[in-house]
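With the hints as constraints, model all of the structure from the sequences given.
Single-letter residue listing:
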Amino acid sequence: MAKILAVDDSASMRGMVAYTLRGAGHEVTEAENGQLALDAAAAGGFDLVLADVNMPVMDGISMVRELRTRPAYKGVPILMLTTESHTDKKMEGKAAGATGWLVKPFDPDQLLATVKRVLG
Amino acid sequence: MSNAGLAQFQQVFIEESLEGLDTMESSLLALDEGGDGELVHTIFRAAHSIKGGAATFGFPEMASFTHEAESLLDEVRGGKRAIDKPIIELMLRSVDCLRGMFDRARAGEPLNDATSDGVRGELAAMMGREAPAQAGPARRAGDQAGAWMIQFKPHAGMLASGNDPLRLIRELAGLGELVVEADLSRLPALARLDPSECHLGWSIELKAPVRREDIAAVFDWVEDECDLSIEPKPTAVVTPAPAPAAAPAPANIADAAAARGTREASAESSSVRVAIDKIDSMINLVGELVITQAMLDTFREEFDPSRLPLLQQGLTQLARHARELQESVMGIRMLPIASVFNRFPRLVRDLSQKLGKQVKLDLHGEQTELDKTVLEKIGDPMVHLVRNAIDHGLEVPEKRRAAGKHEMGTLKLDAFHRGGNIVVEVSDDGAGLNREAIVRKAVERGLIKSGDGLSDEAVGDLIFQPGFSTAEVTTDLSGRGVGMDVVRRNVSDLGGSVVVRSKPAQGSVFTITLPLTLAIIDGLTAAVGEERYIVPLVSIIESVQLKPDALKTVAGGGELFRFRGEYLPVLRLHELFGCEGAKRTIEDGLLIVVEGDGSRVGLFVDGLVGQQQAVVKSLEANYRRVQGVSGATILADGSVALIVDIAGLVRLHGRRKAA
Numbered sequence: 001m002a003k004i005l006a007v008d009d010s011a012s013m014r015g016m017v018a019y020t021l022r023g024a025g026h027e028v029t030e031a032e033n034g035q036l037a038l039d040a041a042a043a044g045g046f047d048l049v050l051a052d053v054n055m056p057v058m059d060g061i062s063m064v065r066e067l068r069t070r071p072a073y074k075g076v077p078i079l080m081l082t083t084e085s086h087t088d089k090k091m092e093g094k095a096a097g098a099t100g101w102l103v104k105p106f107d108p109d110q111l112l113a114t115v116k117r118v119l120g
Numbered sequence: 001m002s003n004a005g006l007a008q009f010q011q012v013f014i015e016e017s018l019e020g021l022d023t024m025e026s027s028l029l030a031l032d033e034g035g036d037g038e039l040v041h042t043i044f045r046a047a048h049s050i051k052g053g054a055a056t057f058g059f060p061e062m063a064s065f066t067h068e069a070e071s072l073l074d075e076v077r078g079g080k081r082a083i084d085k086p087i088i089e090l091m092l093r094s095v096d097c098l099r100g101m102f103d104r105a106r107a108g109e110p111l112n113d114a115t116s117d118g119v120r121g122e123l124a125a126m127m128g129r130e131a132p133a134q135a136g137p138a139r140r141a142g143d144q145a146g147a148w149m150i151q152f153k154p155h156a157g158m159l160a161s162g163n164d165p166l167r168l169i170r171e172l173a174g175l176g177e178l179v180v181e182a183d184l185s186r187l188p189a190l191a192r193l194d195p196s197e198c199h200l201g202w203s204i205e206l207k208a209p210v211r212r213e214d215i216a217a218v219f220d221w222v223e224d225e226c227d228l229s230i231e232p233k234p235t236a237v238v239t240p241a242p243a244p245a246a247a248p249a250p251a252n253i254a255d256a257a258a259a260r261g262t263r264e265a266s267a268e269s270s271s272v273r274v275a276i277d278k279i280d281s282m283i284n285l286v287g288e289l290v291i292t293q294a295m296l297d298t299f300r301e302e303f304d305p306s307r308l309p310l311l312q313q314g315l316t317q318l319a320r321h322a323r324e325l326q327e328s329v330m331g332i333r334m335l336p337i338a339s340v341f342n343r344f345p346r347l348v349r350d351l352s353q354k355l356g357k358q359v360k361l362d363l364h365g366e367q368t369e370l371d372k373t374v375l376e377k378i379g380d381p382m383v384h385l386v387r388n389a390i391d392h393g394l395e396v397p398e399k400r401r402a403a404g405k406h407e408m409g410t411l412k413l414d415a416f417h418r419g420g421n422i423v424v425e426v427s428d429d430g431a432g433l434n435r436e437a438i439v440r441k442a443v444e445r446g447l448i449k450s451g452d453g454l455s456d457e458a459v460g461d462l463i464f465q466p467g468f469s470t471a472e473v474t475t476d477l478s479g480r481g482v483g484m485d486v487v488r489r490n491v492s493d494l495g496g497s498v499v500v501r502s503k504p505a506q507g508s509v510f511t512i513t514l515p516l517t518l519a520i521i522d523g524l525t526a527a528v529g530e531e532r533y534i535v536p537l538v539s540i541i542e543s544v545q546l547k548p549d550a551l552k553t554v555a556g557g558g559e560l561f562r563f564r565g566e567y568l569p570v571l572r573l574h575e576l577f578g579c580e581g582a583k584r585t586i587e588d589g590l591l592i593v594v595e596g597d598g599s600r601v602g603l604f605v606d607g608l609v610g611q612q613q614a615v616v617k618s619l620e621a622n623y624r625r626v627q628g629v630s631g632a633t634i635l636a637d638g639s640v641a642l643i644v645d646i647a648g649l650v651r652l653h654g655r656r657k658a659a
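Protein chains in written order, with this note's numbering: chain C, 1 to 120; chain G, 1 to 659.
Each hint should be verified, as a subset may be incorrect.
[To be verified] Derived SDA-like pairs (lysine to any residue); straight-line CA-CA distance at most 25 Å:
| # | chain 1 | residue 1 | chain 2 | residue 2 |
| --- | --- | --- | --- | --- |
| 1 | G | Lys-503 | G | Asp-391 |
| 2 | C | Lys-89 | G | Ala-216 |
| 3 | C | Lys-89 | G | Leu-39 |
[Unchecked claim] Stretch by stretch, here's where chain C covers chain G in the computed footprint (C-beta under 8 Å, at least three residues):
| # | segment |
| --- | --- |
| 4 | 9 to 23 |
| 5 | 46 to 58 |
| 6 | 366 to 375 |
[To be verified] Part of the chain C face toward chain G, derived, beta carbon under 7 Å:
| # | residue |
| --- | --- |
| 7 | Ser-10 |
| 8 | Met-13 |
| 9 | Gly-15 |
| 10 | Met-16 |
| 11 | Ala-18 |
| 12 | Arg-22 |
| 13 | Asn-54 |
| 14 | Arg-70 |
| 15 | Ala-72 |
| 16 | Gly-75 |
| 17 | Pro-77 |
| 18 | Ile-78 |
| 19 | Thr-99 |
| 20 | Gly-100 |
| 21 | Lys-104 |
| 22 | Pro-105 |
Calculated from the structure, these hints are not laboratory results. Where is the CB? At the ideal position from N, CA and C, for every residue including glycine.
Okay, here's the thing in structure tokens:
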């Protein structure tokens, strides 16, 4: 069981991710945008962050960049939830410090497989 | 969506996508009026979310449609293409197409239709190609080998990005047997070793007949963070490729089919999205309620007269909390009218273009909250009023100029609180109602004998009569058989009323007055024999006690009484509802003068018991529909009282008279 922060402005996507991960026994905190995620992350203790790229207020890439400046989040896995049409976004995310990505659309099994991949 | 629990998010997805489409539409309209570039990002983001979710939640057709729209938007966003009228036009039609697709998704119908295929083609054509774009470059076809040699040298900073070389090697081990050799050449002396950096490299032999891309997939996140080479082991025997992994495809189809099933099942259910602070305040109130209850509970153990003030205080608190809780719970049903107003910019734009008129739309009070049910039903009457205002009210530019007005007409939508009601106004600065035309028409239709002596108010009221239309030429837009009488009917079904005020050459104001909520009404409790009836306060004009000679009986058995210069029919509730033991002589009882459906009547009752808020319980859901009764409520003593539906009673009376 891991503590996971799920960040997406879309309630349906965020809900699906959280529901799936909770079903697998993880503890999930949800955030609606990058700024709220940073606030939630300040409390600390997340083993994994899953973040959408396109969000209002603060996008996922800026969020990753900011999160990586915090010592507590130096090596914590952060996965970008991105759509296939934006190969450049994957690289932009990586450059900002993301661990990897999960391409939308994904189904619960793919999500769990990917989470397992980073958490071992 | 193989899991039933996930189906709920499909519903959420549809709702948020419809909101996203509203945002796209309003932003496109704002762009059309010269809005700034930030709008393009907003539009793009909305399209992007719909695309991402559509495929995830089992709507691939929608995903591929949105992909086209998004690609076009991306070109605009990236500065490759200037936003212009044709693009806005096409995007607006794309929004319409997507709305249609969501409607069909809810109905469980095939998502694509001729229109969506057509618009999709136009989107592609605008980007100068026929086929939809293939996303991303195709992965290099994998060459196969019986065994592989992998050189993997992470850059020093790899750990910081959350990628652990050990994890990657373990993943490789999942593909087959490994022989791993560590390269320690970069390892610094212990004193200078930074444990947060990567200093090792590995030379890995994978003894398995896998494809190159399977290995590359393990390293896909770290391509830019390591030196990597993947080479077939020279001595290996090339074996045939393993069967392609085709298993997932049928599973997906089955999933999609299952998803469609749940979609049909949940199509009719409706939900409300509630702001977190509203929920928090309710939780807070419930907390206080529990505390008060605990305090009152102490009286169960020990009831001492000296503690009476405390008991009274506790009961007062309980009453206050219950009232506040009721208000907050009712508040959940309250939603801003913005969602209704937001459909008008588009409607006004399309209509005014079609009619060659210039119209500026002014929206006010968008944040005014209405009951969800009212909100859902007020849209159609408003659309009708807005269509009418543009079609008949506002003049063409030439006429406006000739009248000394600005060429651009103004249409204003406003919503605000007045007393215990919500008022929604649709006003225009057009020509105003044509009194002569209305009177002429009403005489033709036999609604009145002549217009002499009719107040402007009464003339305005004529247009709400069934079958009335004043358009000189019936246009394509209004006058399709649905008249203002339907607007009045719709509004009065919501417990509201609609009136018009108009001044020649200055314009008209249609005022819709609606109750705050449909779930609770303010009413007067009237006694009729042993029964109690609730008469909605909004429809009451006054109550009067009649002298015996004030009642006139007319041919056909109807009773009339004179009230402020007009004769009003008397409806005896005890007769209508068959109550035993009610008062029958007119001077013993009371007449409540009420107005509904545009007419006034006097309700004869024994007397008034008091005023109260009544929580409306559906009679249809618990019993069946009863003419003249809109619902029931439970009184303080536990008995049931029926809530009188004034408009229904008036209609019922009209029919009895006609029969």
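Evaluation of the provided hints:
The suggested pairing of G:Lys-503 with G:Asp-391 holds, with an alpha-carbon distance near 17 Å, which does not exceed 25 Å. Taking the CA atoms of C:Lys-89 and G:Ala-216, the gap is about 19 Å. The hint holds against a cut of 25 Å. In summary, the hint linking C:Lys-89 to G:Leu-39 is supported, as the alpha carbons are separated by about 21 Å, within the 25 Å threshold. Chain C is given as covering the segment 9 to 23 of chain G, and this holds because 5 residues of the stretch bring a CB closer than 8 Å to a CB of that chain, at least three being needed.
Requiring three or more residues with a Cβ within less than 8 Å of a Cβ of chain C, the coverage given for the segment 46 to 58 of chain G holds, as 9 such residues are present. With a threshold of 8 Å between beta carbons, the proposed coverage of the segment 366 to 375 of chain G by chain C is violated, since 0 of its residues qualify and at least three are required. The restraint placing C:Ser-10 at the interface with chain G holds, with a minimum CB-CB distance near 5 Å, inside the 7 Å limit. With its C-beta approaching chain G no nearer than about 6 Å, C:Met-13 sits inside the 7 Å limit, and its interface hint holds.
Because the beta carbon of C:Gly-15 sits about 5 Å from the nearest beta carbon in chain G, less than 7 Å, this interface hint is met. Hint status for C:Met-16 relative to chain G: holds, with the closest Cβ pair at about 4 Å, below 7 Å. The restraint placing C:Ala-18 at the interface with chain G is violated, with a minimum CB-CB distance near 9 Å, outside the 7 Å limit. A distance limit of 7 Å between C-beta atoms decides the matter here; for C:Arg-22 the minimum to chain G is near 10 Å, and the interface restraint is violated.
For the restraint placing C:Asn-54 at the interface with chain G, the shortest Cβ-Cβ distance is roughly 5 Å, inside the 7 Å limit, so the hint holds. For C:Arg-70, the interface hint is violated, the least distance from its beta-carbon to any beta-carbon of chain G being 12 Å, above 7 Å. Given the 7 Å rule on beta carbons, the hint for C:Ala-72 is violated: about 13 Å separates it from the nearest Cβ of chain G. A cut of 7 Å between beta carbons decides the hint on C:Gly-75: the least distance to chain G is about 5 Å, and the hint holds.
Taking 7 Å as the C-beta contact cut-off toward chain G, the hint placing C:Pro-77 at the interface holds, the least distance being around 4 Å. Interface restraint check for C:Ile-78: the shortest CB-CB distance to chain G comes to about 6 Å, inside 7 Å, so the restraint holds. Because the smallest distance between the Cβ of C:Thr-99 and any Cβ of chain G comes to about 3 Å, under 7 Å, the interface hint for this residue holds. The criterion of a C-beta within 7 Å of any C-beta in chain G is met by C:Gly-100, whose closest approach is roughly 3 Å, and the hint holds.
Interface hint at C:Lys-104: satisfied, since its Cβ lies 4 Å from the closest Cβ of chain G, which is below the 7 Å cut-off. For C:Pro-105, the suggested interface contact is upheld, since its CB lies about 3 Å from the closest CB of chain G, less than 7 Å.
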